[in-house]
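Peer 1: Sequence order for the protein chains is G and U. Note that the working numbering has the first sequence beginning at 1, numbered continuously upward. Note that the working numbering has the second sequence beginning at 1, numbered continuously upward.
There could be a bad hint or two in this list.
Straight-line distance between alpha carbons at most 25 angstroms, and here's what the computed DSS-like set of lysine-lysine pairs gives [said to hold, decoys possible]: (1) U:Lys313 - U:Lys259; (2) G:Lys108 - U:Lys313; (3) U:Lys129 - G:Lys2; (4) U:Lys120 - U:Lys313; (5) U:Lys327 - G:Lys331; (6) U:Lys167 - U:Lys191.
Derived from the structure by calculation, the hints contain no laboratory data.
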Amino acid sequence: MKEVILVKLGEMVLKGQNKNAFETILIKNIRRRLSGLGDYKVEAAQSTIYITPENDFCDLDDAAEKVGKIFGIVAYTKACIVEKDLVKIQEAACDYLENDLLMAKTFKVESKRSDKKFAYSSPEISREVGGYILSKFHHLSVDVHNPDLTVRVEVREKDAYIHGDPKEGAGGIPVGTGGKAAILISGGIDSPVAAYMLARRGVQLTAIHFASPPYTSERAHDKVVRLLRKVRDYAGRMKMYTVEFTKVQEQIRDNCPEELATVLMRRFMMRVAEKVAKLEDCKALITGESLGQVASQTINAIACTDAVATMPVFRPLIGTDKAEIVKTARKIDTFDISIEPFEDCCTVFTPRHPRTKPTINVLEAAERKLDVEGLINECMENLEYIWIE
Amino acid sequence: MCIYLDNSATTKVLESAAKKAYDTMLLNYGNPSSLHSLGFKAEKIISEAREVFANIIKCESEEVYFTSGGTESNNTAIFGAVKAKKRLGNKIVTTAIEHPSVMECMKELEKEGYIVTYLKPDKSGNINKLDVINAIDKNTILVSMMSVNNETGAILPVDIVAPAIKKAQSPALFHVDNVQGFGKLNINVKKLGIDLLSASGHKLHAPKGIGGLYINKKAHIVPHSFGGGQEKGMRPGTESTPLIAAFCEALKNLPDANKELIRLKELNDYLRAELCTIEGLSVNSPVNNLPYILNFSTLKVRGETMLHYLESKGIYVSTGSACSKAKPSHVLSAMGLSNKHIETSLRVSFSRYTTKEELITLLDEINKGLSSLAHIK
Chain G
1 MKEVILVKLG EMVLKGQNKN AFETILIKNI RRRLSGLGDY KVEAAQSTIY ITPENDFCDL
61 DDAAEKVGKI FGIVAYTKAC IVEKDLVKIQ EAACDYLEND LLMAKTFKVE SKRSDKKFAY
121 SSPEISREVG GYILSKFHHL SVDVHNPDLT VRVEVREKDA YIHGDPKEGA GGIPVGTGGK
181 AAILISGGID SPVAAYMLAR RGVQLTAIHF ASPPYTSERA HDKVVRLLRK VRDYAGRMKM
241 YTVEFTKVQE QIRDNCPEEL ATVLMRRFMM RVAEKVAKLE DCKALITGES LGQVASQTIN
301 AIACTDAVAT MPVFRPLIGT DKAEIVKTAR KIDTFDISIE PFEDCCTVFT PRHPRTKPTI
361 NVLEAAERKL DVEGLINECM ENLEYIWIE
Chain U
1 MCIYLDNSAT TKVLESAAKK AYDTMLLNYG NPSSLHSLGF KAEKIISEAR EVFANIIKCE
61 SEEVYFTSGG TESNNTAIFG AVKAKKRLGN KIVTTAIEHP SVMECMKELE KEGYIVTYLK
121 PDKSGNINKL DVINAIDKNT ILVSMMSVNN ETGAILPVDI VAPAIKKAQS PALFHVDNVQ
181 GFGKLNINVK KLGIDLLSAS GHKLHAPKGI GGLYINKKAH IVPHSFGGGQ EKGMRPGTES
241 TPLIAAFCEA LKNLPDANKE LIRLKELNDY LRAELCTIEG LSVNSPVNNL PYILNFSTLK
301 VRGETMLHYL ESKGIYVSTG SACSKAKPSH VLSAMGLSNK HIETSLRVSF SRYTTKEELI
361 TLLDEINKGL SSLAHIK
């Protein structure tokens, strides 16, 4: 039995003039995400994208799972392709949806006919197919208002399609339609969620990670790579830069007041991140901060951090509770990795009593004891990156 | 000459897999739990293997646990699931054609007071979907079903189990013994709603002594041994990095499952058709079985006699399952076949190396054997 994946487009349909550009990017994203899974033809017609396997070696379930994580899709379903012949449609409906029909107590058939030359009208198709199903599955009864299963028949130009209830897609808009931004990623619970949220708004990501060997280990780095692989399932491939940050942290420890260490470190991160972001033509930074969560995430501290940034800094989690963040982290499957116990660069040099209301003057005074430019340049010279494919 | 047609019993180890084991023993000998880089290297070998395994059944890599093989995986899954769910019911559903490593667990559980339903196959060797649906109720705590029968190659309706559990509002966990299907038949655990799945390395050209168990992260089961917390406490004990590395290598070199199914289906159909032309011979494998296996009865010469005759010609086959040698097949008797069928049955099982020429030789020798060997009364 020949199968296909039908994809219903999301809010991008509403975007008037941009519709074609968005659709083109979405098709490109689907193709890229399915590459390596077999040969598929991906094409659009009538607000639906058809993903058709080119041979028998394609695993459509696998492809459908990937499609479920692509932004810009509201709903998708696997369907079987049948010749436009009523008897064949009846048989295929019973065959293709056998398990669903065995499990359901009530069902209805919904038909659509875009090929008006087809000999039966939509209500007629529904009646004929429904009647045939009833004759094959004696335990079933019809319920048009609240059925356990809706059998859908679509008679289109070339073929007819049969499927059950479609699945909800990932929503959002296609990655690549919303510009580029760089996410500061630590290894905790929040930053992967922040990355996911902006990718969902079409942003193409670059990741920046700060490492402090030997205080942080190779395993901590590996943890971030694994987190980004989970994010990649939604956001597509991205570059991950690793900044060696040990010297900056040691200099702060040796020369500045302990209670300012975290905010000073955040300011350095912003400065370096902005330089890295520019390498990738990113126009904004993204962080996983949520207001009041820790000392460096108070309004005053954030004001001091942002004072050194010239790009906009997006904080999609700013007003969310930890519980909500955890919920999303579980959904995108990063939570279990995030809670693995490795030191990251934020936890190593944490002051015992951080200042919650620092001022820019105090911070600037502290920074005068450091060679800010030199330290940043050193970070940039030792920069490394890998592709998260 | 060696024509090896007993690949469902075990397979020859892939050369590059054997080499991986050897290299790992000599070079990457660190303990995966050690903090230093030699330890991390060993850990990476294991995490790569986990990913490769996960990709075959479409689960997350953190849901894969390495074990010593199919038997341990089945035991861990079945006892672990029953122990975790014992307060919620006392019924277990399985089939009458499971492998001994499932069957014997069930007998132990029956001794402990659990009520086990053994679903029987029909005459052709298939398990009926409606039987599965009707067997599961609110007191069922475990359904254990193999994906492919090891003697006949029958493909079981594992796709109906999860929906049936849901429909019955049963708390049951769903275990699949996928030892014969792993890497051969596409099984998507998420789509099929499988909670536990067993696999073995040595059926796929990896060494003996290594296997895997998938545990859905939403399913909780109780471990049977305790120790240093390896494999998230499910299977403590220092991981066998060399065998895991070899397993990974074998899996990475698997031919495309779908392409191989198509190729072997042709071979299986050919052998089936040719065997059917032999007078009196009857094929016991259902139509549309996994084409890696073909079971038939000559009805003339005892299976074991024929086996030794073929062996003298350099052809290796088996009588039913290698794990219950000399015992009459419980699978064929569950199908309701006569003693004569069972006594004269043979199983040939293919691998990616099996060729049509080998099957032509096999047919030739079977014909010769049938005309020269003493027939049973």
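Peer 1: If any of the earlier hints don't hold here, list their numbers in rising order.
Peer 2: Failing hints, ascending: 1, 2, 4, 5.
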